[in-house]
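Work the whole structure out from these sequences, hints included.
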Amino acid sequence: MSPGHVLFLPLPAYGHVMPTLAVVAELVARGHRVTFATTAEFAPAVVAAGAEPLLYESELAGKAQPERFTTDYVSREPLRCITENIVTTRLFDKSLPEPPDVYVYDVSTFPAGRALAQKHGARAIQLFPVFASNERFVFGHLQAAELDEPISAEHPAIVDFLAKVAEFIDEHGLGVSVERFLTPCDATNLVFMPREFQINAADFDARHTFVGPCLNPSSDVSWEPPADGRPVVLISLGTTFNRNPEFFRRCAEAFADLPWHVVLTLGSRVAVAELGELPSNVEAHRWLPHAAVLPHASVFVCHAGMGTMMEALAFGVPLVLVPPDVTEHRINARRAAELGLGRSVDASAPGVRDAVLAVAADSAIREHVNRMRDVLSALDGPAVAADVVAGVLQP
Numbered sequence: 001m002s003p004g005h006v007l008f009l010p011l012p013a014y015g016h017v018m019p020t021l022a023v024v025a026e027l028v029a030r031g032h033r034v035t036f037a038t039t040a041e042f043a044p045a046v047v048a049a050g051a052e053p054l055l056y057e058s059e060l061a062g063k064a065q066p067e068r069f070t071t072d073y074v075s076r077e078p079l080r081c082i083t084e085n086i087v088t089t090r091l092f093d094k095s096l097p098e099p100p101d102v103y104v105y106d107v108s109t110f111p112a113g114r115a116l117a118q119k120h121g122a123r124a125i126q127l128f129p130v131f132a133s134n135e136r137f138v139f140g141h142l143q144a145a146e147l148d149e150p151i152s153a154e155h156p157a158i159v160d161f162l163a164k165v166a167e168f169i170d171e172h173g174l175g176v177s178v179e180r181f182l183t184p185c186d187a188t189n190l191v192f193m194p195r196e197f198q199i200n201a202a203d204f205d206a207r208h209t210f211v212g213p214c215l216n217p218s219s220d221v222s223w224e225p226p227a228d229g230r231p232v233v234l235i236s237l238g239t240t241f242n243r244n245p246e247f248f249r250r251c252a253e254a255f256a257d258l259p260w261h262v263v264l265t266l267g268s269r270v271a272v273a274e275l276g277e278l279p280s281n282v283e284a285h286r287w288l289p290h291a292a293v294l295p296h297a298s299v300f301v302c303h304a305g306m307g308t309m310m311e312a313l314a315f316g317v318p319l320v321l322v323p324p325d326v327t328e329h330r331i332n333a334r335r336a337a338e339l340g341l342g343r344s345v346d347a348s349a350p351g352v353r354d355a356v357l358a359v360a361a362d363s364a365i366r367e368h369v370n371r372m373r374d375v376l377s378a379l380d381g382p383a384v385a386a387d388v389v390a391g392v393l394q395p
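Note that UniProt numbering gives residue 377 to position 377 of the sequence shown, counting from 1, and the numbers run on in steps of one.
I should point out that these hints are in silico values taken from the structure, not numbers from a laboratory. Just so we're clear, the structure is a prediction, and the values are computed from it rather than from any experiment. Errors might be hidden in some of the hints.
Within a straight-line C-alpha distance of at most 25 Å, the following computed DSS-like cross-link-like pairs (lysine-lysine) qualify [as the list claims (entries may be wrong)]:
| # | residue 1 | residue 2 |
| --- | --- | --- |
| 1 | K164 | K94 |
| 2 | K63 | K164 |
| 3 | K119 | K94 |
| 4 | K164 | K119 |
The structure is reproduced here in structure tokens:
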């Protein structure tokens, strides 16, 4: 099979970009050309994976997230999405002298990817860094059910969204209905979790390939556990909902007198100095590869981001989940708890401390986590995902 040209265009956000990079590296190693549409923030990682970055600015990825997702906010999200996709579709079309053979896009960039693939007669693959959707199970509907009030089809933003989608379809001569264009999946889909974690997994057929988290190779940054053999707890709130220095400070205080070693990864919006003086058994970093710490960790406290949870489970580390008031994360946490992979608690420091101690001592949770680790280790996600891409390249 001759090499092909693949365009990746996931939303330029950490949880959307990072799961794809090992797949990109595998495709490049097989001789394929990969172009990767993204922002300057992710360009170094894209280049390191062997792809050619196609840079643009994204208001959708860079927008500030509210502390709580209200019905009104969620109702406006599709409009924000299509508004950016209208612009990026034109940009991507003009930036590439020849259309790629395959467009690979995700749940936030599907209008651009789907339109360009249909317009140029190219193949298309949809990525799911969150729970997958199809005609029987739509994750967005489950999220909407979590809101305090139902979303109204008469909301001005919803009405405007549907009108813009219709105009978008006409602009690119796609010749399909709005309903058809907004179908929740494509003929080929890659899901960055195991089938065992997917909600309503029995409803998904061979169109969806569950490849697992597709972790990147270890970075050059190393980390060593304490020499005294204390159990390690890693605590992180991810990259989006992490502006909470008080949470980290209280966690440090809660573990100060316990025979545990605490590793805090704060993210870009909290400075280490904001935490003040830390107990001797606590260390804090703005950034530290979790893959360097997880092999030594007994428990991982996190915000229930899908990629973060999958990485921990790949290392066989039980979870204590403190999801923000965001529907996606609440559902993630609930699913992990249902599968016996950890506990979901509120973000109070005593609650986190007690949950860490309980989870660390829970043999049933350990058994479930070990089983999920074995499932993930058997998937060989990057190779399987690359096989799927290569499969659609074949005439």
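The hints, checked one at a time:
1. K164 with K94: holds (21 Å)
2. K63 with K164: Measuring from Cα to Cα gives roughly 21 Å; hence the hint holds.
3. K119 with K94: holds (13 Å)
4. K164 with K119: holds (18 Å)
Of the numbered hints listed earlier, not one is contradicted by the structure.
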